[in-house]
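J.: Listed below are the residues making up each chain.
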Amino acid sequence: MKQTHKRVKIADRAATAVLYAVAGFFLLLLAVFTIYIFYRGAVSFKPEYLGFTRGGIGVQFFNTIYLVFLSLLISVPVGVAAGIYMAEYAGSGKLTHFLRTCIETLASLPSIVVGLFGYLVFLQMTGQHWNLLAGALAVSILNIPQLTTVTEDALQGIPELYREGSLGLGATHWQTITGVLLPAALPRIITGIIMAAGRSFGEAAALLFTSGMSSDVNFSNWNPFSPNSPLNVMRPADTLAVRIWALKTEGVDPNAEQLSDLAAAVLMLMVFAFSLGSRRIGAKLEAKMTGGSHKGDK
Amino acid sequence: MRNSKFKKEYLGRTIVTIAGLFIILLTLAIGAFLFYRGSATFTADHHSIAEFLFSADWNPAEQGRGGKVGAAIFFFGSVLISVLALLIATPFSLAAALFMTEISPKLGRKFLQPAVEIFVGIPSVVYGWVGLTILVPFLAKTFHLPYGYSVLAGAIVLAVMIFPTITSVAADAVRSVPQEYREASYGLGSTRWQLIRKAVLPAAMPGILTGVVLGLARAFGEALAVAMVIGKMQAFPKNLLSPTMNLTAELTADMGNTTAGSEWNNALWSMALLLLLISFLFILLIRLIGKMGAEKK
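Chains as they are written, first to last, in the working numbering: chain E, 20 to 317; chain H, 3 to 299.
So that you can see chain H by itself, here it is in the shape it has in the complex (with noise of 0.2 Å):
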């Protein structure tokens, strides 16, 4: 009796450790996967990084080697989308947050927070597809294109959908502002924006910016919504309202027609590390502000 106890205790702690120890595998495996594949380029098919990531030049061998494996034109894309994504979506969403927390909590509560967990579950061809079936023609009548499909409707699609991630944790975040800051900022007389503006914003900026990286990150990485709306043209954009083509778009648009071992084939998977390696960075600056807001307390 006792010894099954015991037994038991083992056992659970045993399996619940592989698990884990599991997901620890699971990123090295991940990650080593990726690195094999995507370093090809560098070291079997002799190109430089540099070229890689600053050369404009996009013409890869469909099979063997010799072509041109520049990627700038989609690293530029997908840079430039999901920057001006946050652009849009982060004053918006700190109103909301505000609006939450501030304002109106109960109002908050009742209506926004369901609104903004819907608004995060909406799968992403589903916003691709609002692109598609609004957003793309508005654009194209509004100003007079041939087509709608621009860096503006990329930018537009996926500002919507980081919405939702920037509000929630940046309410967090203004929630956890210790209470006694609004009494001792109403205490000396200031209105409830002087609060806002003065007091709050400033000790939930930690939080607040953990929530804008978490939704660039997401931008950065979304694929198919922006790969509907961003027109797939391999050239560097105009002007917002031109098309362009971004490192998701043509990862899915070109990964399946090219032959494992190519070079075209190598130059994809590099563009995939890349992507990984910058979901990687985020989190780092996700720590990194994280330990300057727990310093500054």
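Chain E extracted, bound-state conformation (with noise of 0.2 Å):
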């Protein structure tokens, strides 16, 4: 008796150091991860690299910001009214369920698949070259479920005493969704809005046959109908995740190594921006439209 107790005392202990060990190398690890990109991208790092031209990743940047910037003023309002569509609308029947499962099954989808129906459609369907416009359509496919569960969830997060107060005030449903139910839902849709961006800018498996590998701009041309203006949507756009693959598994630029350790490090960097940032607003919203005493209820 006293034998099992202690062998069990010790399995606990043991367990327990376990846990505690695995943690901490998840850490580690992501502290090594991040010092080391970092460091190879400091080390790499030389000021005509940010240039816009062939040798740099500045147009490169550029086609990031702009391409994440069109998707999401596709997905923001598919997505939010979808999820206001769930939240408030749909019943209990068959084509609520179906359409649960198209959203999951969405969600779930390989973004190379996604890539290829963009390639499909956008461009061989279309007859259309390599173009901003197709990558941003596919990359906003990708958005989409996640921006409708977003806003599903934090409608749904709302208390019931919102709605029945604003019901009972006389507003119509519509009137309480948008008057009422929307702002209080504003800064968790917010921080759904910041993380999918953050997510877009890493995307380049659904791009590479969409937005295509290279990009022809001319920074004095702003003309967006011109062929080589930057804020031409119909041009071919390199983003900074494509080019790290191009640079990687092609390399045929003489400064390969430098340019995809550089623009590694700038990735990470919006990534974490985005992923903070994201936590900072939405807390701080959270607090102005709540007056900063909501913590404890639900």
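Simulated pairs of lysine-lysine, DSSO-like, Cα-Cα distance not exceeding 30 Å:
#1 K10/H / K113/E
#2 K200/H / K28/E
#3 K113/E / K9/H
#4 K70/H / K234/H
Far from chain H, some chain E residues (derived; all Cβ distances over 10 Å):
#5 G70
#6 G77
#7 G112
Using C-beta positions, here's what the derived DEER-type ranges look like:
#8 Y108/E / Y149/H: 55 to 61 Å
#9 A292/E / E185/H: 40 to 46 Å
#10 N61/H / A40/E: 46 to 52 Å
Bear in mind the hints are in silico, worked out from the structure with no lab data behind them.
Backbone N, C-alpha and C define an ideal beta-carbon position, used for all residues, glycine too.
Hints are included, so try docking the two chains, each in its own frame, into the full complex.
T.: Structure below.
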């Protein structure tokens, strides 16, 4: 009896130690990862690499931001609207069930599959060449299910009292949604949008065959309809992530090594900024919307 | 006044309903288009599904027909690498999830949770980049290989990628185990480890399995990170240290080089269709697990 008691206690201690070790290991791994990436980026850094020429990543940086911006322009309205539908109007019938399956399917689609779908529909079928818009549409397909789920969760997380209060004052359902529920859900929706943006920055598989692996732009030409204007959405555009892929797998550039190091560091920086930023902004908005006294209730 | 209030109600309702229907339409369109292009191998080119799945003879014609479209190497590569990644990642993920919930929720919330979120956000090309600059040379040096591109390299990169997915889902599952289970268990005099093993883990099992399947789905569909370290060798791997090829790497490598409608191109679309079907299969599996979990309760 005493023997088993002892053994059980030892097992408990050992397990605790192992769990601590694993947790520590992952923090260490992330630290090493980050330090290594930033270190390599810093070592490889030369001012001309940031330039907007073939030997720099300036164009790709611009393309990344522009493409993510375009994709949010498309996916946020659709995703948020569909989220509102799911949270407020969808019944419990077969159609809703099917829609939920669709959202889950879309959310778990490999991004390469989405890229190929985009290639087929936005390029081959319309007879277009690689272009930014096709890339933005492909990334939108990846974002829409996430935004829908975030919006739905955010709306459902609002206390029932809000809804009852608004309806009791004679507001219509839609007035309740736009006037009461959406403002209350905004912090979480915005956090979700920032997270979606953060993820889109690093997307590459969906872009290889849609927005292409090259750019030819002239930064003194801001007419959006001119073929080499940076604003033109129908021009081919490689993003930072796609550039890393191209540099690492084809590597024809003489400075491929350094450029990809720097591009990876810049991407990591963006990921960090967006991950930390979404937490900050979410918390701040939450405090502002609720007067900071919202912590206790749910 | 009254009228416009209700007009807005109907307009708003219509708009959001259309958005919902649009998602259904989009999903069906993706399925339909991929099915349409992916089935040409079996209809227009007259290959059998068995040949595509189980033959390793991959030599499709670049123009017209007459080649072989056995994709078994790629399929096997995908399965092998994602299963290996899962075997590596799951124990670590479970441990991290248990640490965050049962051992030290405070440290977990402060450090591990943000770390997991950052891990999720790291782009797959960056994982591939790290794999290529650290892991591949390291494997080559340690095991005296000419290059380090290998099944193992792919599996490790994927394991790091899916670890946060499994961890966060598993942590949610463990967190949702009712507090009474813990109180009852401690009340009976069990240690924390006994509580975890005998009460918490079994109760959280459906949720944990969901996380594992989600991780598997992510691993299976990942393209670029794997393609960078796998070696792109068109052969079955002899062991864990030999290079091979998987579905997604083959797709990224060759889709741009083929002419639409050729046998080669059609076979690649069949592979894309296969990826789609498998990811759908994972969804069904998660549904099934969820149902089983609900019944148990």
